[in-house]
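Protein chains: 2
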Amino acid sequence: MLDICLLGCGGMMPLPDRFLTSLLVRCNGRCTLIDCGEATQLAIRKSGFGFKNIDTILLTHFHADHTAGIPGLLLTIGNSDRTEPLHIYGPLGCINIIRSICSICGELPFEVMIHELDDKKDNSFKIGELEVKTLGLDHRIACLGYSLKLRRAGKFNPDRARELGVPVPMWKTLQQGLAVEVGGRVVYPGEIMGENRRGLKISYCTDTRPTRRMPDFVRGSDLFICEGMYSEEDKKQMARDKKHMLFSEAASIARAGGVKRLWLTHYSPSLADPVESIGAARDIFPDTTPGENNLQITLRFED
Amino acid sequence: MLDICLLGCGGMMPLPDRFLTSLLVRCNGRCTLIDCGEATQLAIRKSGFGFKNIDTILLTHFHADHTAGIPGLLLTIGNSDRTEPLHIYGPLGCINIIRSICSICGELPFEVMIHELDDKKDNSFKIGELEVKTLGLDHRIACLGYSLKLRRAGKFNPDRARELGVPVPMWKTLQQGLAVEVGGRVVYPGEIMGENRRGLKISYCTDTRPTRRMPDFVRGSDLFICEGMYSEEDKKQMARDKKHMLFSEAASIARAGGVKRLWLTHYSPSLADPVESIGAARDIFPDTTPGENNLQITLRFED
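Just so you know, the sequences run in chain order A and B. To convert, take the position in the first sequence, counting from 1, and add 54; that gives the working numbering. To convert, take the position in the second sequence, counting from 1, and add 54; that gives the working numbering.
Be a bit skeptical, because a hint or two may be false.
Identical copies look the same in the list; a pair holds intra-copy or inter-copy alike.
Below 35 Å or equal to it, Euclidean Cα-Cα: the simulated DSBU-like pairs (lysine-lysine) are [unchecked claim]:
1) Lys289 <-> Lys106
2) Lys100 <-> Lys296
3) Lys106 <-> Lys290
4) Lys106 <-> Lys174
5) Lys296 <-> Lys209
6) Lys226 <-> Lys106
7) Lys226 <-> Lys290
8) Lys289 <-> Lys100
9) Lys174 <-> Lys296
10) Lys296 <-> Lys226
11) Lys289 <-> Lys174
12) Lys100 <-> Lys297
13) Lys289 <-> Lys203
14) Lys290 <-> Lys209
15) Lys106 <-> Lys180
It is worth saying that the hints were derived from the structure and are not from the lab. This structure is a prediction, so every number in the text was calculated from the model and none was measured.
Construct the entire structure; sequences and hints are all you get.
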């Protein structure tokens with residue numbers, strides 16, 4: 055199960071009724087935050103997800119609307135009595151940038167561990183049970199898309215377990231993917247568990263122009279969160295110049311990637327009502343939702 | 055005339071219904087901002103004062119709740135088409151701190167000129183017509199109180215001007231405090247203007263313990279904005295440890311300094327309802343107002 059909260063849906067600057075774009079993902083009680091613009095801590099407070107369990111912050115890039123909220127958030131997490139280390143991942147240069155903007159933080163009660171990711175490479179790493187992959191995007195500075203995958207083990211076959219003489223207290227170990235020893239013989243999970251079942255996947259791409267690799271990167275996502283800076287087709291040249299996307303371009307990627315649902319976000323401050331302009335995107339990809347503050351969903355395994 | 059807006063009244067962290075403490079002062083259409091915590095740009099947007107005319111930012115100290123909003127604010131001011139330089143004043147170290155936290159700003163369309171002020175000295179400088187003075191306060195790091203004074207010239211005596219043969223078109227120059235030449239003789243403003251009349255003064259002190267010099271520094275203020283981190287008398291030891299003040303301590307300074315009115319601000323996040331606890335402060339200094347988001351007043355010259 056994954057609890058997802060799109061904290062805000064704005065780009066460039068926070069507005070009184072529109073927080074900047076960032077995402078919280080909760081998996082087994084631990085939270086991962088993607089991006090942290092100014093006032094993201096206010097959006098988190100409204101979401102009800104809490105501060106103390108934020109273990110990881112993934113940064114797409116270093117523009118202020120994605121990073122300026124980090125010092126205040128770290129201080130507020132510190133005030134929540136967190137003492138375990140917190141990890142920040144971002145493009146190359148992350149260590150210097152985070153150290154610079156956090157020069158106003160004083161001493162935090164937890165360690166901050168910063169990991170740099172080369173946007174020219176396909177990176178993968180784990181956050182607890184979540185498998186994270188990155189994709190280099192096409193923005194004005196180095197920028198990363200992220201996908202987060204929660205695997206689901208195959209079905210446990212109790213008849214087969216009994217057949218092999220595995221005592222019931224050992225079943226849990228096998229279900230966790232570990233081997234057990236029964237009467238001098240090692241029993242492997244593969245002997246008792248079926249094939250891996252369909253897990254859950256979300257993907258998050260902002261800020262960027264559409265790229266050739268994006269459909270494959272987001273393929274099969276239960277939820278694809280994608281920037282849509284502009285809704286009007288006549289802003290395509292502006293989108294090209296500023297390295298952003300139209301609603302319709304995001305919808306085309308969702309369709310090409312065969313995702314389940316698309317949430318649009320990172321609206322230009324000049325876009326007053328994204329709901330009004332959602333039609334063209336839905337013509338291309340019907341399950342498109344215009345992002346809004348505190349948009350939440352819980353994704354569960356199938357059947 | 056001075057238009058004043060207390061943008062928020064919180065300390066430590068922004069809350070959904072309480073912006074961080076900062077002040078906007080408008081004089082002849084030009085604005086000075088004191089402090090800029092996270093989300094101050096949202097508070098400015100709600101105040102209606104606008105971004106483009108913010109010429110100066112005065113920083114009391116470098117804790118994040120007073121500075122973390124600077125990168126975002128500068129970018130938003132940049133988006134308002136400002137091209138004139140913007141000045142930032144703060145304690146020693148200001149140049150490095152601002153450069154560090156603004157490493158996520160890219161190139162701004164205006165110049166930022168940073169001025170460092172030694173908190174061990176009494177500094178004075180001018181912002182347009184405003185005369186600014188600083189006072190070193192008693193906080194955990196170097197911290198400055200600010201007073202802003204708008205002088206008012208003496209009354210213009212038209213009979214005396216005619217007596218000295220000054221033609222009417224030259225009266226304005228004298229009223230502006232400049233000498234004129236009439237028939238080969240220099241006429242000085244002092245010959246025609248009365249004594250300076252009472253001007254306007256505001257003072258702003260946060261974060262600090264009470265100090266011996268504060269009453270003199272704020273003396274005669276039309277408005278004294280002072281921190282009151284805690285309302286309960288039994289938090290005095292905590293206030294001492296954290297270098298903050300009780301409501302009652304702020305009220306005592308207001309009384310000793312003979313100010314006209316006191317606004318309390320910079321409440322602890324644990325203080326739910328400052329209005330409820332205002333009584334003790336008002337017993338000491340009756341014209342005490344509990345600060346709130348977007349608290350505005352226009353101060354005018356007397357008579």
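Exercise. For the identical chains here, do Lys289 and Lys100 meet the 35 Å Cα criterion within one copy, between copies, both, or neither?
Worked result: both (33 Å within a copy, 29 Å between copies)
For this session: With 35 Å as the alpha-carbon cut-off, assign the pair Lys106 and Lys180 to within, between, both or neither.
Result: Intra 20 Å, inter 45 Å, cutoff 35 Å: intra-copy only.
For this session: Pop the pair Lys289 and Lys174 into one bin, within, between, both or neither, using alpha-carbon distances up to 35 Å.
Result: Classified as within: same-chain Cα gap 29 Å, cross-chain 55 Å, threshold 35 Å.
Exercise. When no copy is named, should Lys289 and Lys203 be tagged within, between, both, or neither for a Cα gap of at most 35 Å?
Worked result: within (34 Å within a copy, 49 Å between copies)
Problem set entry | Intra- versus inter-subunit Cα pairing at 35 Å for Lys174 with Lys296 | For Lys174 and Lys296, the Cα distance is within 35 Å only inside one copy (21 Å; across copies 47 Å).
Problem set entry | 35 Å Cα threshold - placement of Lys106 relative to Lys226 | within (29 Å within a copy, 63 Å between copies)
Problem set entry | Alpha-carbon proximity context of Lys290 and Lys209, limit 35 Å | Neither: 48 Å inside a copy, 62 Å across copies.
For this session: Could you place Lys226 and Lys290 in one of the four classes (within, between, both, neither) given a Cα distance threshold of 35 Å?
Result: Classified as neither; 54 Å inside a copy, 55 Å across copies.
Exercise. For Lys296 vs Lys226, is the C-alpha pair at or below 35 Å within one copy, between two copies, both, or neither?
Worked result: Intra 52 Å, inter 51 Å, cutoff 35 Å: neither.
For this session: Could you figure out if Lys106 and Lys174 sit no more than 35 Å apart (CA to CA) within one copy, between two copies, both or neither?
Result: within (33 Å within a copy, 39 Å between copies)
Problem set entry | Homo-oligomer pair classification [Lys296, Lys100; C-alpha up to 35 Å] | Classified as both; 31 Å inside a copy, 28 Å across copies.
For this session: Classify it for me, Lys296 with Lys209: is the Cα-Cα distance of at most 35 Å met within a copy, between copies, both or neither?
Result: neither (48 Å within a copy, 57 Å between copies)
Hints 5, 7, 10 and 14 from the earlier list are contradicted by this structure; the remaining hints agree with it.
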